[in-house]
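Chains as they are written, first to last, in the numbering used here: chain A, 172 to 421; chain B, 205 to 426.
No lab work stands behind these hints, which were simulated from the structure alone.
Be a bit skeptical, because a hint or two may be false.
[Claimed, not checked] If you want the footprint, here are the derived chain A segments under chain B, 3+ residues with CB under 8 Å:
| id | region |
| --- | --- |
| 1 | 377 to 387 |
| 2 | 396 to 409 |
[What the hints assert, rightly or not] Capping the alpha-carbon separation at 25 Å, the derived lysine-lysine pairs in BS3-like fashion look like this:
| id | chain 1 | residue 1 | chain 2 | residue 2 |
| --- | --- | --- | --- | --- |
| 3 | B | K295 | A | K282 |
| 4 | A | K282 | B | K303 |
| 5 | A | K182 | A | K282 |
Beta carbons are placed, not taken as given, at the ideal position from N, Cα and C, and that holds for glycine.
Listed here are the chains, written in short residue letters.
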Amino acid sequence: MQMRLRVWRQKNRDTQGSLVDYAVDDVSSEMSFLEMLDVLNERLAGEGDDPIAFDHDCREGICGTCSLMINGQAHGPNRATTTCQLHMRSFEDGDTIRIEPWRAAAFPVLKDLVVDRAPLDAIVQAGGYISVNTGSAPDANLIPIGKPVADRAMDAAACIGCGACVAQCPNGAGQLFTAAKVSQLALLPQGKPERTKRVRSMVATMEDYFGSCSNFGECEAVCPKEISLDFIAVMNREYVRAALVSDPGD
Amino acid sequence: MLNLYRSAVGKKVLMALTGLMLFGFVLGHMVGNLKIYQGPEKLNAYAEWLREVGSPAVPHGGVLWIARIGLLAAVGIHILSAWQLTRMSRKARPHDYAKLESVQLTYASRTMRWGGVIVALFVVYHLMHLTWGSLHSDFIPGDAYHNVVAGFQVLPISLFYIVAQVALALHLNHGLWSLFQSLGWNHPSINPWRRRLAGAFAAIVFIGNVSFPIAVLTGLVA
Ligand code: HEM
Ligand code: FES
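Okay, chain A solo, but in the shape it has when bound (with noise of 0.2 Å):
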């Protein structure tokens, strides 16, 4: 397959980018969507220009570090697929392919296709965990946990963090993101003591970085691991939970 990119590439943060133009011959469609990077920078790199910048870690579909916004779409055309689980079988012989970085005010662009997602690991810093005093490890199943409600944690848990959420979102906001990460502790009983707490402080480090959330559903729509909507609406009864009552301690 040939293929043809726009990539957009940008020095360090304080520069101006643009998209410039690339030509790779010789795709095979069995390629994943970063080897074909891989390839295009090994060429680049022989001719001696900077090869393009892009996060990368497991290629397994995992870790939540690979991004990219391509043709407009965060992890590109297929559903619950993160970039690195892309195959170039994909797309069509001939096809011209627009890379950008995840776009936000939050995410600033740190060198080409690479931005500082920071602000999402603040939100987690802020509330999301739970305290437990150290020592033996307390016998497992000793808190019982319903299968339904287990499942549905675990369903939130998925989440990678990976920001696509925010990067489709035409408000640029950070809700799904956020939700999740309530949720995932806010459904179980080892998460029911720093509720109150959790969500505020959660809600109010999303609001210092990212925008308001109209419940358009891209977000999801995007989502490699198809963390759904819903989970939002769990985030915004705890927030309103929290506003009504006063827990001690809080």
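Once you've looked at the hints, dock chain B with the ligands against the given chain A.
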């Protein structure tokens, strides 16, 4: 209230609550106006009852005025929140993509802002047209039936009402679903029904409201 207003998630809660109030009004308004099909006496008696209700406990028109003030406050909170949240979202994405594809974005959801503005302008027009009568050459205070019929016999006015109802129906189609989200009304067993419920209520309001100009234009109500 004030606490909620400080955060964006809280503002959406207030928008959902005020949106629900406004929807309640819109639905009641439509149902009340169905009296037009029972003839002038019934409709005008209903209009008079709106002013009488509650008396002698409250003075003439008292309940009506309380409702008006409540609605005005709801509209104010709704629009102010919409304005501030829109600004917040614009700031969150200053540099956009060459082209952002939409995946499952609906027409109704992405027209909430301008659609809302159209609805607001329509409401002002509607008040001038049929409440204050300032746009009517042949407005008779107290004769709602006559004013509606005379008003809708003008074709462009009827068409404008119908267009505004399309905007309102779209706004409600997304808004009534969205409010379940904003208020956290969700449960695996009701979630599949939320969108359909919103669509059905938007359709009920739409069909009821557009039936009035159409009935006048076709001579069904004269
Ligand atoms: C008859 C009048 C109206 C009714 C019944 C109504 C109803 C609603 C409802 C139920 C919502 C959903 C709230 C939520 O997402 O939780 C909503 C959202 C919204 N309304 Fe209205 N509304 C009305 C008038 C207006 C007006 C006059 C404006 C603006 C000028 C407006 C602007 C908006 C916007 C922008 C949203 C979306 C907010 C967001 O999701 O970010 N609405 N409306
Ligand atoms: S590189 Fe780990 S999810 Fe794509």
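Evaluated hints:
Evaluation of the coverage hint for the region 377 to 387 of chain A: fulfilled, as 9 residues show C-beta separations to chain B shorter than 8 Å, against a requirement of three. For the region 396 to 409 of chain A, the stated coverage by chain B holds: 9 residues have a C-beta nearer than 8 Å to a C-beta of that chain, and at least 3 were required. Under the criterion of a C-alpha separation no larger than 25 Å, the hint pairing K295/B with K282/A is consistent with the structure, at around 22 Å. At most 25 Å may separate the alpha-carbon atoms for a hinted pair to count; K282/A and K303/B meet this at roughly 20 Å.
Taking the CA atoms of K182/A and K282/A, the gap is near 5 Å; set against the 25 Å cutoff, the hint holds.
In summary, the structure agrees with every hint in the numbered list given earlier.
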